[in-house]
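Number of protein chains: 2
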Amino acid sequence: MRITLLGSGNVATHLGKAFKQAGHEIVEIWSRTPANAKTLAIELSTRYCGEMSLLSPNAEIYIISVSDDSIREVSAKFPFRDKILIHTAGTSELNIPGLSGVFYPVQTFSKQSPVDFSNIPIAVEGINPEVSGKLLELAGTISTKVSEISSQQRKTLHLAAVFACNFSNHLYAIADKILQSDGLEFEMIRPLIMETAKKIQTHSARSVQTGPAIRNDQITLRKHLEFLENNPALRDLYERLSQSIINFD
Amino acid sequence: MRITLLGSGNVATHLGKAFKQAGHEIVEIWSRTPANAKTLAIELSTRYCGEMSLLSPNAEIYIISVSDDSIREVSAKFPFRDKILIHTAGTSELNIPGLSGVFYPVQTFSKQSPVDFSNIPIAVEGINPEVSGKLLELAGTISTKVSEISSQQRKTLHLAAVFACNFSNHLYAIADKILQSDGLEFEMIRPLIMETAKKIQTHSARSVQTGPAIRNDQITLRKHLEFLENNPALRDLYERLSQSIINFD
Chain A
1 MRITLLGSGN VATHLGKAFK QAGHEIVEIW SRTPANAKTL AIELSTRYCG EMSLLSPNAE
61 IYIISVSDDS IREVSAKFPF RDKILIHTAG TSELNIPGLS GVFYPVQTFS KQSPVDFSNI
121 PIAVEGINPE VSGKLLELAG TISTKVSEIS SQQRKTLHLA AVFACNFSNH LYAIADKILQ
181 SDGLEFEMIR PLIMETAKKI QTHSARSVQT GPAIRNDQIT LRKHLEFLEN NPALRDLYER
241 LSQSIINFD
Chain B
1 MRITLLGSGN VATHLGKAFK QAGHEIVEIW SRTPANAKTL AIELSTRYCG EMSLLSPNAE
61 IYIISVSDDS IREVSAKFPF RDKILIHTAG TSELNIPGLS GVFYPVQTFS KQSPVDFSNI
121 PIAVEGINPE VSGKLLELAG TISTKVSEIS SQQRKTLHLA AVFACNFSNH LYAIADKILQ
181 SDGLEFEMIR PLIMETAKKI QTHSARSVQT GPAIRNDQIT LRKHLEFLEN NPALRDLYER
241 LSQSIINFD
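Order-wise, the sequence lines are chains A and B.
Here the UniProt record's numbering is used: the first residue of the first sequence is 1, the next is one more, and so on.
Here the UniProt record's numbering is used: the first residue of the second sequence is 1, the next is one more, and so on.
One thing to keep in mind: the hints can contain errors.
Identical chains blur together in the list; that is why a pair holds if it fits in one copy or across any two.
What the hints assert, rightly or not - 20 Å max Cα-Cα, derived SDA-like pairs, lysine to any residue:
1) Lys198 with Ser113
2) Lys198 with Glu187
3) Lys198 with Phe109
4) Lys198 with Phe186
5) Lys17 with Glu148
No wet-lab data here; the hints were simulated from the structure.
Just need the whole structure built from these sequences, with the hints factored in.
Next up, the structure:
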């Protein structure tokens with residue numbers, strides 16, 4: 001397919017490379033930040049376009065990969081009415097004027113680390129079966145885990161991701177702080193964190209739950225709460241997470 | 001060194017294999033559960049001992065690897081006074097009569113998955129410099145990440161591990177439940193969970209925090225809270241974790 005990328009951040013970069021590798025043609029790259037976009041255009045052997053009104057009508061799919069709060073602004077400036085214009089965000093609605101679909105790779109991207117899309121779930125949604133079909137086809141060229149989900153389901157998926165990833169990462173940060181308070185290195189629990197994430201790749205999280213709360217080990221729970229008594233916010237969080245484990249059904 | 005294992009669970013099994021591979025001699029295996037112990041004894045080409053009073057005095061180090069609440073009971077039955085008797089638990093104190101040290105591999109073990117000890121931090125503690133030295137030496141034969149920490153630090157380490165691992169795993173379970181409520185598979189976020197854990201192997205957790213709370217994206221936060229309004233416990237947890245991210249310093 002002929003694809004134009006609107007944006008040059010992490011998602012645009014990784015998607016662009018994956019599309020090119022899968023044999024698609026990147027027609028051009030538009031971006032408000034010329035530096036990134038020019039580098040990416042060179043990497044993908046295509047051209048950079050700095051002015052939305054000068055976009056070539058030659059692509060079949062135009063993919064907006066900008067920060068969530070700029071999607072509306074970018075789609076408002078999009079000059080064509082008969083082209084498939086989609087975004088790649090988990091959170092944003094599809095009911096933005098001009099948009100006809102969503103192409104959401106369920107992953108967190110960093111510029112430095114390479115990405116193997118074949119195992120990354122891609123959730124697509126189109127305003128009509130034709131668009132959905134096209135997006136499923138495109139997704140299928142870079143990933144083996146493709147599905148069509150509704151806007152409502154995408155919201156659910158995003159909320160689940162916040163719990164599993166954003167909140168987990170925050171717990172890692174809390175653990176780091178606890179370790180530092182006693183002169184210990186975060187390095188001491190990195191392998192444990194890795195193994196915890198690895199375990200649920202083949203098991204359900206519920207079936208591999210360990211720790212004092214699931215054993216209802218009141219002695220350890222009490223000791224930990226005492227330990228945290230000078231930090232009411234953390235103590236409270238410990239208590240609520242433990243209670244949530246105990247009550248989980 | 002000549003080592004006797006008291007216990008035949010996950011930790012004893014993985015440690016026993018690692019010690020044998022590093023060239024140590026496993027003198028014998030005592031356990032209250034003959035079936036496991038006999039299997040392990042065959043695997044490690046050593047003998048099984050079912051009666052603590054019949055233990056050979058031939059080992060230099062006797063390692064208790066049983067559930068936390070049985071350590072006291074096992075050490076009370078230990079027949080020698082001049083031998084190094086240690087346990088492998090993160091939580092338990094060192095001040096149990098008869099015990100002279102702790103050898104704590106900071107990892108979660110499952111029987112089915114093989115373990116590479118070389119990257120697993122091992123925290124040791126001895127009642128005197130001689131024991132500490134012996135334990136550091138032993139740990140150094142199977143791991144490159146060996147340190148001596150106090151009982152107090154081990155408590156801190158265990159609390160950090162509860163936040164980073166037990167609580168994270170519970171968040172994965174919550175995410176799974178949220179997905180199921182809308183007909184979505186946990187498989188859709190497994191790669192994201194893996195990548196989140198991978199990222200902090202080379203970065204600090206704080207520096208890679210993402211999500212609506214760290215952006216202070218009140219619109220998304222409000223939407224998520226509305227989504228959870230029929231589940232007060234989860235709503236509360238979402239609110240507190242988000243607030244903790246916003247307030248984190």
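**OP:** Return the numbers of the hints above that this structure violates; sort them in rising order.
**Re:** 5
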